[in-house]
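**Q** Protein chains in written order, with our numbering: chain A, 1 to 581; chain B, 1 to 351.
Derived from the structure by calculation, the hints contain no laboratory data.
A quick note: this is a predicted structure, and the numbers were derived from the prediction, not measured.
Note that beta-carbon positions come from the ideal geometry of N, C-alpha and C, so glycine has one too.
Check each hint, because a few of them may be wrong.
[As the list claims (entries may be wrong)] Listed next, the stretches of chain A that the computed footprint assigns to chain B, with coverage defined by at least 3 CB atoms under 8 Å from CB atoms of chain B:
1) 125–139
2) 160–174
3) 197–204
4) 285–298
So you can see what is in the structure, the chains are spelled out below.
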Amino acid sequence: MNRQFALLSLLIGLVANTSENVSATDSEVITAQQIRTDIVKKVAPAVVAIFSPDGNGGGSGVLISPDGYALSNFHVTSACGDFMKCGLNDGVLYDAVIVGIDPTGDVALLKLLGRDDFPHATLGDSDKLNVGDWTYAMGNPFLLATDFEPTVTFGMVSGVHRYQYPAGTFLEYTDCIQVDTSINPGNSGGPLFNAAGELIGINGRIAVEKRGRVNVGAGYSISINQIKHFMDQLRGGHIVDHATLGATVRSGTDRTVKVDSILETSDAYRRGLREDDEIVSFAGRPIGSVNQIKNILGIYPKGWSVPLVYRRNGRKQEIFVELPALHTKSEMAMPAGPKMPRPPAPRGRNPKSPEEKTPAEMGLPKEELPDEYKKLFEKKAGYANYYFNKLEQQRVLAGLTPYTSWQGQNGKWILKGQTVDGDKVVIKLLPQALSAQFSKRAPGLQTLDGSDFLDEPPGSGGMLAALQQLKLLFSEGTAAFNDVTYQGSQPLDGRGDTVDVLVTKKSILECRWYFRATDGAFVGFDSLLGSNVDACKIRILKFDDFQGRRFPSRVSVHYGDVEYGTFDFRSIETATSSETR
Amino acid sequence: MNSFSIRSLVPMMLFSVAVILPNTARAQSTSETIANVSPKVVKIFGAGGSKNLYAYGSGFLVSSNGHIVTVWSHILDSDTVSIVLHDGRRFEGKVLAAEPPLDMAVLKIEAEGLPFFDLTQAAGAGPGTRVLGFSNAFKVATGDEPVSVIHGVIAAKTSLAARRGAFESPYNGPVYVVDAVTNNAGAAGGVLTTWDGRLLGMIGKELRNTQTNTWLNYVMPIGELRETIEQIISGRFNSKKPDDDEDERGKSTRKRPLRYEATDFGIVTIPNVVARTPAYIDRVLPGSLADTAGLQPNDLILFVGESLVQSCRTLKEELGRLESGDQLKIVVRRDDKLFTVGITVPKKAVE
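If we strip away everything but chain B, and leave its shape as in the complex, we get (with noise of 0.2 Å):
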């Protein structure tokens, strides 16, 4: 399950950028496009600054009056927001709502008359596919400066699913992977379109595999969010937690995959305080499977499987990656001595 990892769409985008060939040439106004859709994307300057924490995003205008849909981050953090419009305008942007499982907030500015991407217009694609994106990659482009352009291919549509746990995406849903840099400091919010400028996603957040150090370029069909895009905007909307698979007439939606943790287990570990908390058991739950297992408070987990547990974090996210029926065979170290207890996973209730 975890062997599905980026190294595995290397091939992929071989095979679909000689696929695509017989496209690239073809006569497209490429410049009528990209002026048709810089308008509808917009800068987006809020809180954040220091290092790694960018204070800019991208966003792209939905509605008329001033609908702006933006990735769900730190920036929408401050109280105000400003928008900058591809002319020049600033206006002061205020979070309608946000949907931290799609990774996904709405923002509405007071303007009317404004440019925008008809979602009923949006488009799907498949691997093979050429595309642009827009955003503002690096904060390079500030005033009336038009946000920057870049060309790829969809190499793979998929599932950010498989990869639960090693990967912090609140986002599980389907997404385009893209062959260019889409996903750069300040790029999330921003669109990745059809080369005649047809709406596909949204650029998610950037993306690293820690066990690779690889980045992923990945993209949020438009498909995934236009509901509840609609919901937010009509004011019908009401957040879902994460994790929660039923919407409010009871349908059962897309299975969001769950994530285990150390309390499924009946373990409890000290407070995660500083960077690399050691994973110290501070208490085991009467009767769960920890208990039964023989696990004892000061135990310090080493081993979760055959990775290393270093920290509180990396225990949370060896637990996370864990699947129902596994066999989790955890070390932990207890006075000088090293014990091994065996566990499988249970299914857990709510699945």
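Chain A on its own, in the form it takes in the complex (with noise of 0.2 Å):
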């Protein structure tokens, strides 16, 4: 106390000596001032002090939205199991439930529990930092606030689109920002602003060299854009996980990339690209370093699709990649264990580091989980929070309210048309078989005896499998279905609306289930035979009323780079079960 009081009256000391100094200069000082203590007053209530119940971990947190997300640092949320105990700036301390991982980002989704008006943060737009921008920080370094006051640091951005190496390949840095703001353990999870106090990163790590576990000058923050790419399957309770390309690449000489070598099952070899071809840009940006591709890649979820701009023989092509996963499922269900190994111990003086303090000398209340929430964690392999997964299932499912109509329509369906470019077309979705008979195209036959599903018609990437999946999502729902989840949101090919996604699974068959973001609509879907293959892709262009029922009128169909063809259905004949028996 004494020692505060005497350090107090030292700054007021300073302060006084230059008084005279301020009043006479610059009002902009003040101004500047007032904006900054503003913007500190303002997204602090949104800073989170991240405990384990009991007290054997600790960091920081922010809340960003009113219902009680947060996002957080994997590494803090690992070390503190299902459920933590969350302190705000208001003195409560709430209880939080884990929703959703990432181990190879570092990134943990949580939900406070209790209050549907959490103050919460703002997202900003991380790709708009400049070196030299202003940020703060805020958290809990050293676990210093026994209010749960964040500490408040403020510095300069140092660079953008940094890389940092994983640890094997998780708690990997991609695309990241690096600060000169100061970083310290317990700061972990905790937000960066910008200079308008939006929520452009989450710190997570700094540079640690040879003097102990402390700030250096060096602090790397997951950029924000990053995880806006992921939010929704974090939403969806899942252990996420980042993508690759398929194939590898070399640097040449004039800083070109070349495909050094390329798996002949990925996407990106269905799409064209080939050994020595040479990458232009990806996902947007130019390519002059194979760094620059991996620093890319990482801020991807596996399954997204993003441009890639090639040239060979002087020749650029654009083409769409589909990423598949970095890691492999076992992989994955690694670090969702019990436990990650914990970050290296410090290396400081310091007998003891603030992690360490145990419930009685933090002061934590030992309570019981009310029942209430309990129940609000569900365990499955492969996601982080079953719970959310279901959660976001009915949420998106709500889009197929406008044909609820069809429901109990299990038996035949007959749907009658034309192609845009005039051929004639009758599909039968029988209990027994499927059809398609053209007046210019091959037919198409499918049984359902149970033997494999076919690219039938010919050419259409199994178009009558689809319809036939489509039929079984619109009479029965998803009880019709192996397995179903909600697997986040992507734009839709990777260049249209943003897109929830619902995937389904019957037998060999999955199918990907596309509904609008913006307002639930059922937008398309896209049905595989097997794994490794193109995908029958199906969009719809227009709904109709067919008889008081609303269903797709206008489709068209994709196969690989191929379009199969556009069809306007003109009737479609249903019936139940029994009454086509």
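Assemble the dimeric complex from its two separately framed chains, guided by the hints.
**A** Dropping the structure here:
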């Protein structure tokens, strides 16, 4: 206390010394200071101090929605367990549950419980950051704040689009923000704000060398734009995975990057990329080094399609490549286990790091979790918390409400119409078999006796199988499938509207159903006959009423890079299964 | 003398923060400054790579045709040094000359039309000046990525000379001490500039005070380096040995402090072959101060003054701190007995 007082009086003394100066010179200074304190006041309520229930771990986080969703680091929450305690600067300790995790990107999404009016941060655009911009880091370094009032540090952006090597293949910081803003142990998971107080990153890492585990002028923040790509997957309770290209690349002498080898099973190969092709741009960014590709890949979830421009024999070609997963399923299961290896122990002289304080020392109350909260966590392989996946499934499935009148119509379906190129078509979806007859195109037949689904009609990628899945979804709902999951969101086909993705499995058939994020409208689906093959992509261009029932009246069908046809349906005849018999 | 340490800088830093407050919010086009300075700073890759001997560093261009100034370090011990420019272009760098007393070397790459710092436009600054540090600390930047930028304030302009002996810095001249962590792994050879991008100096190596276990962030003012850089570029340069206080015209330059060695007292220790070679006296030069004081071969030196001597190395460090006229007390073990001798530190001949 005395020391604090002494320090305070020293500071006052210093200010007094210069007060003449201040009043005489810059009102700008006073204004700038006022802006800073106002911003700190505005955003500090959204900053979270995270503790494990037993007090054996801790870090920081930041609220991003009024209903309590908050971001942190995976390496913080993995030490805390499925439920944790979160303190805000109102002095209240809230319960929180883990929602989704990204072990590769070191991100975790949790949900604070007990309020629907949490203060929360506004997400900014981290790609607009420039070196030299001012930033605020907030959090609980060294777990100093016993009243959960966050510590604020202020500094400069030292570098953007930085790459920090992973530990193995996890905890990789790609395309991250480097700051000289002081970030220290305990800041992990806390927010980095830009000068306007918008959330632009999650602080997670510092350069540590021979001086002990404290800041030495280089801190790293995961860019919020990367996290945005993964956000809906995290909300869906997933253990999310990052992406790879399916090809290896090498640097040429003149800052060119060429494909070194490529997997023939990869989408990049199917889209036409070959060995020795020069990669000109990737995801819209020009490429001059192998590191740049690595840096860009790291910000995308598996399964996303991104544009790639390559040059062969002097000619440029743009393709959209669907990115395969970085890890296998078993690799992903590993970090989700009971505990990740903790970050290296402090090498400084402190005999005890702040994280090692006991609950009693932290003054945390020991209390049991209320029963109403226990149901908010559901274990399932491949998920951080399956409860939240079910929640998102329900949200997305509301997009099927306009089609509820098809429920029970699981007998025969007969669709009649024609393609825009004038080919008449009759499609029959019967309980025993599926068929398509055209006036010009080759007919298709698919039996439903348990034999494999085939590319029928030929060249469509399995349009009959796809329409059969649509019939199942409309007439029987998700109960018709073996497995259903909410997959997150992505730009449709790498360039369209952002869509929520629902994935269903029925025997070997996988379908991805797309619902526009802005209004929940059902806009199309992909059906896959197996792995490492192109999908039959059906996009809904128009809806109409068919005897009072809403149904897609115009759809396009693509297989690989080829359009199979655009169909206008004129009539649909359906029946329940009993009527069919 | 030795009490002037980093500790005494702390109040100075506090004070300087207060002094510069009126400047902190002045509108500056920081990003313009950074965009202007960054391309003049290069990434250097060379020898090293083992623990605590990193193989990367920083440097800065001082001519449009590829003269690069950096610190004199083990990185330059390799046959080829790789220089990577801000735009990702990679060149082979050749060491033109090195000046160990200034801890500086000048390299050359074969290129033209490069952005560079005009040394005649370099600035000087006092405590309280807001500064920017540019370097490839921790090798964060690769390829065409710009080097890292950090901000700080000059906390003091002082001299490293007071720290001779206890510190392993060959450079003993005036330095800027900065309140930001400018001196990190790989940062040496980077630049410190004013807020509007004028060159102030070259970031030095990492420097730790072994007594307080604190690290000093220091920058060598460009004024100390400019003449030598210009001599090297123009081909008029003759390297001076450390402790040489005269330039080629016989004019006395700034005095660099001299360090006492065991032989100054007539003591020859056994060869320093292992990490902690005990400081046994191998020979005592006849007629020397040590001889007069009664030291003998096979004596083990235990204390110099109040300091415990654990090895030949610490003996060297302790002797290096002495100044002429000091009363030197040495405790040795001979057989199983301790002997204490007193010696008055002599003037060095060259001083």
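**Q** If a hint holds in the structure, say so; if it doesn't, say that too.
**A** How the hints compare with the structure:
1. A count of 4 residues in the region 125–139 of chain A with a Cβ less than 8 Å from any Cβ of chain B is obtained; the coverage claim is therefore met, three being the minimum.
2. Here's how the region 160–174 of chain A fares: 4 of its residues keep a CB closer than 8 Å to some CB of chain B, so the rule of at least three is met and the hint holds.
3. A stretch counts as covered by a chain when three or more of its residues have a beta carbon under 8 Å from one of that chain; for the region 197–204 of chain A and chain B the count is 0, and the coverage is violated.
4. Counting residues of the region 285–298 of chain A whose C-beta sits closer than 8 Å to any C-beta of chain B gives 4, which meets the bar of three, so the coverage hint holds.
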